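Protein chains in written order, with my numbering: chain Z, 11 to 243; chain E, 339 to 782.
Any given hint could be a false lead.
What the hints assert, rightly or not - List time: in silico DSS-like cross-link candidates among lysine-lysine, alpha-carbon distance up to 27 Å: (1) K153(Z) with K623(E); (2) K679(E) with K153(Z); (3) K642(E) with K153(Z); (4) K470(E) with K588(E); (5) K470(E) with K679(E).
Bear in mind the hints are in silico, worked out from the structure with no lab data behind them. A quick note: this is a predicted structure, and the numbers were derived from the prediction, not measured.
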Amino acid sequence: MNAQLALNLQLKDSSSFDNFLPARNREVMDHLRAAVEAAGGNAGGERMFFLWGEPGTGKSHLLQAACRQAQEHGVAPVYIPLANSTEFSTAILEDVEHVPLVCLDDVDRIAGDVVWEPAVFNLCERQREARGTVIAAGAANPKHLGLRMPELATRLGWGPVYQLHALNDAEKLAAIRLRARNRGLEITEEVSRYILDRYPRDLRSLFDLLERIDRASLASQRRITIPFIRGLG
Amino acid sequence: MTQPALWNKCLGRLEEELSAQQFNTWIRPLQAVQEREGVRLLAPNRFVMDWVKERFLGRIAELLGEYANGGGVNVLIEVGSQGRGTAPPPAVSHVSSPARKRPLVLGRLNPDFTFESHVEGKSNQLARAAAKQVGENPGRAYNPLFIYGGVGLGKTHLMQAAGNLMQQHNPTASIAYVHSERFVADMVKALQHNAINKFKRLYRNLDALLIDDIQFFVGKERSQEEFFHTFNALLEGQRQVIITADRFPKELVGVEERLVSRFGSGLTVSIDPPELETRVAILMKKAKQEGTELPEEVAFFVAKRIRSNVRELEGALRRILASAFFTGSPIDVGLASDSLKDLLTFQDRLVTVNNIQKTVAEYYKIRVSDLHSKSRSRQVARPRQVAMALSKELTNYSLPEIGDAFGGRDHTTVLHACRKIADLASKDARTKEDYNNLLRILTT
Numbered sequence: 011m012n013a014q015l016a017l018n019l020q021l022k023d024s025s026s027f028d029n030f031l032p033a034r035n036r037e038v039m040d041h042l043r044a045a046v047e048a049a050g051g052n053a054g055g056e057r058m059f060f061l062w063g064e065p066g067t068g069k070s071h072l073l074q075a076a077c078r079q080a081q082e083h084g085v086a087p088v089y090i091p092l093a094n095s096t097e098f099s100t101a102i103l104e105d106v107e108h109v110p111l112v113c114l115d116d117v118d119r120i121a122g123d124v125v126w127e128p129a130v131f132n133l134c135e136r137q138r139e140a141r142g143t144v145i146a147a148g149a150a151n152p153k154h155l156g157l158r159m160p161e162l163a164t165r166l167g168w169g170p171v172y173q174l175h176a177l178n179d180a181e182k183l184a185a186i187r188l189r190a191r192n193r194g195l196e197i198t199e200e201v202s203r204y205i206l207d208r209y210p211r212d213l214r215s216l217f218d219l220l221e222r223i224d225r226a227s228l229a230s231q232r233r234i235t236i237p238f239i240r241g242l243g
Numbered sequence: 339m340t341q342p343a344l345w346n347k348c349l350g351r352l353e354e355e356l357s358a359q360q361f362n363t364w365i366r367p368l369q370a371v372q373e374r375e376g377v378r379l380l381a382p383n384r385f386v387m388d389w390v391k392e393r394f395l396g397r398i399a400e401l402l403g404e405y406a407n408g409g410g411v412n413v414l415i416e417v418g419s420q421g422r423g424t425a426p427p428p429a430v431s432h433v434s435s436p437a438r439k440r441p442l443v444l445g446r447l448n449p450d451f452t453f454e455s456h457v458e459g460k461s462n463q464l465a466r467a468a469a470k471q472v473g474e475n476p477g478r479a480y481n482p483l484f485i486y487g488g489v490g491l492g493k494t495h496l497m498q499a500a501g502n503l504m505q506q507h508n509p510t511a512s513i514a515y516v517h518s519e520r521f522v523a524d525m526v527k528a529l530q531h532n533a534i535n536k537f538k539r540l541y542r543n544l545d546a547l548l549i550d551d552i553q554f555f556v557g558k559e560r561s562q563e564e565f566f567h568t569f570n571a572l573l574e575g576q577r578q579v580i581i582t583a584d585r586f587p588k589e590l591v592g593v594e595e596r597l598v599s600r601f602g603s604g605l606t607v608s609i610d611p612p613e614l615e616t617r618v619a620i621l622m623k624k625a626k627q628e629g630t631e632l633p634e635e636v637a638f639f640v641a642k643r644i645r646s647n648v649r650e651l652e653g654a655l656r657r658i659l660a661s662a663f664f665t666g667s668p669i670d671v672g673l674a675s676d677s678l679k680d681l682l683t684f685q686d687r688l689v690t691v692n693n694i695q696k697t698v699a700e701y702y703k704i705r706v707s708d709l710h711s712k713s714r715s716r717q718v719a720r721p722r723q724v725a726m727a728l729s730k731e732l733t734n735y736s737l738p739e740i741g742d743a744f745g746g747r748d749h750t751t752v753l754h755a756c757r758k759i760a761d762l763a764s765k766d767a768r769t770k771e772d773y774n775n776l777l778r779i780l781t782t
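If we strip away everything but chain Z, and leave its shape as in the complex, we get (with noise of 0.2 Å):
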């Protein structure tokens, strides 16, 4: 019962520019933040934008991040997460072109699909006719995702590509403390450190392991020290 009401009162972690730690990736933050911004307009600003990095770089956060700046903005993104596609069908790309800003996520699962990649390959297409903007993001290049499609991959990579890079022990500390304070916790620099020298070290691993120390810690109404996360096992 008392975890039931703590999962009501957390606060989630929504993915804005404002909670990415950019470390090494800050030109690739901003940039996207430009292109956004130009989203929809007639002003210059990119119309292809391409992510790339291992998993747990921020790539899904940062589209994310965009497609929130753009709402902020008045335009109403869409968002389509292909790692999902056998879930839903090509139908969720039709018509897309009437709106400003699309987010294609996990570019990389469609690879060799041959339904999927003449649907990516056509929304690419009546977008840039529409002058929309696609950002999309995948595990590796344009060059280096594996479509069957090459038209494909050399539309993915019309306009600017950037990795994403890892980030460094430092900085996953301080981005474990980041997030934790936009959660409303208290993490000693101690703890973060325990937490990096026990713990997978992915930031995704990291912020899931935050997620379960915040729901532990509310239900228990205990602070968060070395002892109370062992105890979490």
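We have chain Z; now place chain E onto it with these hints.
Only chain E this time, still in chain Z's reference frame:
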């Protein structure tokens, strides 16, 4: 409270309740319109509308009711978009209802693709001259004009430049540019909606049809048949057809023979990959269009590395210009080199502890099993510490996991190794060099 404010409150709550992915995929694309009877939500397409209706609409209505001081709010959802400023115009002005279908619209010409913005080189000379002729004398010079060549070499640019020239000479002419994939998709949609006659009329009444990447017709018999009739109708009426493909007409296996022979009945010209000088000229011209002077050595540096297609050249250029702008750095070879890395490098799979152990063992000429052993001799202990430090730096494994991978050692041993190597590297040039060498071997 105004309705958008009500909707914003509702959004805030839904963002709390749903996963980030659900919220961004299904809720964020919705637009809310205040109406006297309630709130009308606009979805970008039927698919999103149906999904939201089925899974989220009940909760949305509940929340809107709650925020409207407990009063019931009537919530409707339909396909449509609110035109805003310069955003791409919705097919139906203001708000469309699901009952109204978006009209079939043919592709427009891109005004950026002109002969002035095209860079001529040996590789495209003939195709450019032919396209220009066709632009000057549509329906008479060469009909059809068939341009073929690899991906991203400028076929679309030339074809549309011809179309723009025709339009310039005859502003009332109805000229359509359509990608073959779109032709197929639109035809399928027309068949589904019993609008095939309208589809036919639309295409057959054109003054000029520019159809791109015809290889998309391979194996699509119904589309080929429809296109064959459209094609004949246009040619008979002396209206211009320009076709592009990634290969010579006769190599279009899977396209009907009668269509292939018709493709070759006009003029067939090829575009080859641009030679170095043309690639340099393209880069400098594009940079100028963006209002920047690109140093020639930078243009050569990029052009030597990107050979295969113009789109990639443009992407690289945009990235270099952006990097200069956002970092305040001058445009030089160093900046270009850094920018190109992201475009060209192949990200191998993540570095693993096994891989690190193998590389370190080879480097120090010891066996991998030595790294796992209990031996504390210096010849083995130092490489082991280096390998542990590299594992911490290059992988996301936790320290206990790294300890396990080195013969079941404790995480404090790993921590000690990392500190020891960091300390040695700051004092001892040899250790620093070894460490950096290994880092380079493992990451490039």
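Evaluation of the provided hints:
1. K153(Z) with K623(E): 24 Å, holds
2. K679(E) with K153(Z): 12 Å, holds
3. K642(E) with K153(Z): 17 Å, holds
4. K470(E) with K588(E): Cα-Cα ~25 Å, so holds.
5. K470(E) with K679(E): 38 Å, violated
This entry does not satisfy hint 5, going by the numbered hints stated previously; all others are met.
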